[in-house]
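S.K.: Chains A and B, in that order, are what the protein sequence lines are.
Every position in the first sequence, counted from 1, becomes a number in the numbering used here once 961 is added.
Every position in the second sequence, counted from 1, becomes a number in the numbering used here once 646 is added.
Any given hint could turn out to be false.
[Said to hold, decoys possible] Straight-line Cα separation of at most 25 Å, SDA-like style, residue types lysine to any residue; simulated pairs:
1. A:1086 with B:836
2. B:741 with A:1111
3. B:747 with A:1086
4. A:1086 with B:741
5. B:741 with A:1028
6. A:1086 with B:834
7. B:741 with A:1044
8. B:747 with A:1031
9. B:741 with A:1182
10. B:747 with A:1084
11. B:747 with A:992
12. B:741 with A:1069
13. A:1086 with B:841
14. A:1196 with A:1182
15. B:741 with A:989
16. B:741 with A:1029
17. B:741 with A:1196
18. B:741 with A:985
19. B:741 with A:1013
20. B:741 with A:1138
21. B:741 with A:1043
22. B:747 with A:991
23. B:741 with A:1058
By construction, these hints were calculated from the structure, which means they are not laboratory data.
As the structure is a computational prediction, the values presented were derived from the model and not from experiment.
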Amino acid sequence: MQTSLPQPTAIEGAAMHIEIDEISKQFGVTAALHPVSLAIPSGALVALLGPSGSGKTTLLRILGGLEFPTAGRVLFDGQDATGLTVQERRAGFVFQSYALFRHMTVFENIAYGLNARPRATRPPKAEIARRVTKLLELIQLPDIGSRYPSQLSGGQRQRVALARALAIEPRMLLLDEPFGALDAKVRKELRQGLRDIHDETGLTTVFVTHDQEEAMELADMVVVMSMGRIEQIGKPADIRARPATDFVRTFISA
Amino acid sequence: MSDATATTRFRSATEETPLTRWLLVGLGAAGMALLVFAPLIAVFAEALADGWLAAVESLGNRDARSAIQLTLTIAAISVPLNAAFGIAAAWFITKFDFRGKAFLITLIDLPFSVSPVVAGLCIVLMFGTNSLVGGWLVANGYPIVFALPGIVLATMFVTFPFVARELIPVMIEQGRAEEEAALTLGASGWRTFWTVTLPNIRWALLYGVLLCNARAMGEFGAVAVVSGKIRGQTATMPITIEMLYNEYLSVAAFSMAAVLTVLALVTLLLKTALELRHADQLAATHRH
Chain A
962 MQTSLPQPTA IEGAAMHIEI DEISKQFGVT AALHPVSLAI PSGALVALLG
1012 PSGSGKTTLL RILGGLEFPT AGRVLFDGQD ATGLTVQERR AGFVFQSYAL
1062 FRHMTVFENI AYGLNARPRA TRPPKAEIAR RVTKLLELIQ LPDIGSRYPS
1112 QLSGGQRQRV ALARALAIEP RMLLLDEPFG ALDAKVRKEL RQGLRDIHDE
1162 TGLTTVFVTH DQEEAMELAD MVVVMSMGRI EQIGKPADIR ARPATDFVRT
1212 FISA
Chain B
647 MSDATATTRF RSATEETPLT RWLLVGLGAA GMALLVFAPL IAVFAEALAD
697 GWLAAVESLG NRDARSAIQL TLTIAAISVP LNAAFGIAAA WFITKFDFRG
747 KAFLITLIDL PFSVSPVVAG LCIVLMFGTN SLVGGWLVAN GYPIVFALPG
797 IVLATMFVTF PFVARELIPV MIEQGRAEEE AALTLGASGW RTFWTVTLPN
847 IRWALLYGVL LCNARAMGEF GAVAVVSGKI RGQTATMPIT IEMLYNEYLS
897 VAAFSMAAVL TVLALVTLLL KTALELRHAD QLAATHRH
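This is chain A alone, in the form it adopts within the complex (with noise of 0.2 Å):
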């Protein structure tokens, strides 16, 4: 390999920050987001917060590049990202339903991601092992490699999902409801797991969610939503402090 530039995708730690410059989304003839701008320093944990309907999901699947806006600009480190493929993102994007592929062992389900990269840049099989078992112990599931998704229980398909996001070396962690199908339990000990992950990371993570308990205990910033717009943007603190609408004030205190 080249030593003497350094490779974009090599640079590792130094996370990225995101901007939101003025997004909406229309499906037909109803608005899912009006313009909304938002920017996420680098290394953030954020919660996209608001009842169903809000548009948080839509954001999120913008900014993984599973939806595209109907105006306005989504940017990298300060760089247009709008056109950008949904693989050129390189967004570890871990889905609701965790969408683990069911008819692969949960090694080959993280080992998918560094499989699919194209020869020149795909590590050799020994490497890709390698980084498959460190992840699972990241998880601390260090034992379930040979097992298929529907031999685990949901906190445990969580775990290799979110395993399975972070083996492609994302930019971001981008996650839809990341503990909306789980338990109370199971629910709070995930919480510590993903702030665990995310401080040893320091990846610029977003997750959606709709229990506001959820999204002021475990991020640094809040951003609550409502009806495709952005109420209040601000620390959790802040938020229970100063609610900006009264929509802001209702929802939190529910």
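Put chain B on the given structure of chain A with help from the hints.
M.R.: Same frame as chain A, now just chain B:
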């Protein structure tokens, strides 16, 4: 309600009385025997009425061999093509949102509602010697009607819905999340299809292909119209069976019918064998 609890002793809500159960099972079994097994046995019995030798001999002549070969050729061409079209149609319908989706689904079902004879006539009208397209093709040495291409077209029209119909409900149930996950992990659309979509639908696909194959080999109505029934050239197995039967050559007719039946049974056995072999994997992947 109080009467019921007094007389019944803890029977599950969905359970029937033994009498009802035996009556229903017996009715089902009798129906099966009468409608499925008896005709099957009759076919083989008639074929072997004059002994093995006569049956085998009737299949050995040039026309019979040509019919078997033609039917296998038609299946070999139309089934893979319909599998590809069916996958493409199901993929398009289930993974994308667009206007007129319901109309497209209806269109795919059209061959089920149109009589095969009508379908055959349409092909004759389209590609016959008297039509614009057909006339030009015949003049240039590519006859469609009364030749292999016409028979393949007719077969494909009739068997078109089988694969797509099997795949669409499965793919709707599975949703798009796994494909989206593969894309976010950097896989191309093509790679996503081969490594995620196809493995997830393989059993439905296999089933659709088997049904399609069975129907492709057995199709009569549409093929009867377009083939011209030229013995030794465009007569498929079902058509040969009909012609032999009309000529009172019952051993030959039923021997051919027995071969067609065996072909169908072989595909069924193949499916069962595959399912048994991959039973563990099936159980692991279907319990999601």
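S.K.: Indicate, hint by hint, whether the structure satisfies it.
M.R.: These are the hints, each one checked on the structure:
1. Straight-line distance between C-alpha atoms of residue 1086 (chain A) and residue 836 (chain B) comes to about 22 Å, which keeps the hinted pair within the 25 Å bound.
2. For the suggested pair residue 741 (chain B) and residue 1111 (chain A), the alpha carbons sit about 23 Å apart, so the restraint of at most 25 Å is met.
3. As the CA atoms of residue 747 (chain B) and residue 1086 (chain A) are separated by approximately 43 Å, the hinted pair breaks the 25 Å bound.
4. Among the hinted pairs, residue 1086 (chain A) with residue 741 (chain B) is inconsistent with the structure: their alpha-carbon atoms are about 32 Å apart, more than 25 Å.
5. A threshold of 25 Å between alpha carbons decides the hint, and for residue 741 (chain B) with residue 1028 (chain A) the separation of about 14 Å falls inside it, so the pair holds.
6. Taking the CA atoms of residue 1086 (chain A) and residue 834 (chain B), the gap is about 20 Å. The hint holds against a cut of 25 Å.
7. For the given pair, residue 741 (chain B) sits about 22 Å from residue 1044 (chain A) by alpha-carbon distance, which is consistent with the 25 Å threshold.
8. For the suggested pair residue 747 (chain B) and residue 1031 (chain A), the alpha carbons sit about 23 Å apart, so the restraint of at most 25 Å is met.
9. Using a Cα cut-off of 25 Å, the hinted pair residue 741 (chain B) and residue 1182 (chain A) is violated, with the two alpha carbons roughly 35 Å apart.
10. As the CA atoms of residue 747 (chain B) and residue 1084 (chain A) are separated by approximately 42 Å, the hinted pair breaks the 25 Å bound.
11. A C-alpha spacing of about 23 Å is found between residue 747 (chain B) and residue 992 (chain A), which places the hinted pair at or below 25 Å, so the restraint holds.
12. Between residue 741 (chain B) and residue 1069 (chain A) the alpha-carbon distance is near 24 Å, which keeps this suggested pair within the 25 Å criterion.
13. Restraint check for residue 1086 (chain A) and residue 841 (chain B): satisfied, since their Cα atoms lie roughly 18 Å apart, inside the 25 Å limit.
14. For a cut-off of 25 Å, the pair hint linking residue 1196 (chain A) to residue 1182 (chain A) stands: about 5 Å separates their Cα positions.
15. A distance of roughly 18 Å separates the Cα atoms of residue 741 (chain B) and residue 989 (chain A); the hinted pair therefore holds under the 25 Å criterion.
16. Our distance criterion of 25 Å between C-alpha atoms is met by residue 741 (chain B) and residue 1029 (chain A), whose separation comes to about 16 Å.
17. For the hint pairing residue 741 (chain B) with residue 1196 (chain A), the CA-to-CA distance comes to about 39 Å; that exceeds 25 Å, so the pair is violated.
18. For the given pair, residue 741 (chain B) sits about 24 Å from residue 985 (chain A) by alpha-carbon distance, which is consistent with the 25 Å threshold.
19. A distance of roughly 23 Å separates the Cα atoms of residue 741 (chain B) and residue 1013 (chain A); the hinted pair therefore holds under the 25 Å criterion.
20. Our distance criterion of 25 Å between C-alpha atoms is met by residue 741 (chain B) and residue 1138 (chain A), whose separation comes to about 22 Å.
21. Taken as a hint, the residue 741 (chain B) and residue 1043 (chain A) pair is honoured in the structure, with Cα atoms around 23 Å apart against an allowance of 25 Å.
22. The straight-line distance between the Cα atoms of residue 747 (chain B) and residue 991 (chain A) is roughly 20 Å, inside the 25 Å bound, and the hint therefore holds.
23. Between residue 741 (chain B) and residue 1058 (chain A) the CA atoms are separated by roughly 17 Å; this keeps the pair inside 25 Å, and the hint holds.
In summary, the numbered hints that this structure violates are 3, 4, 9, 10, 17.
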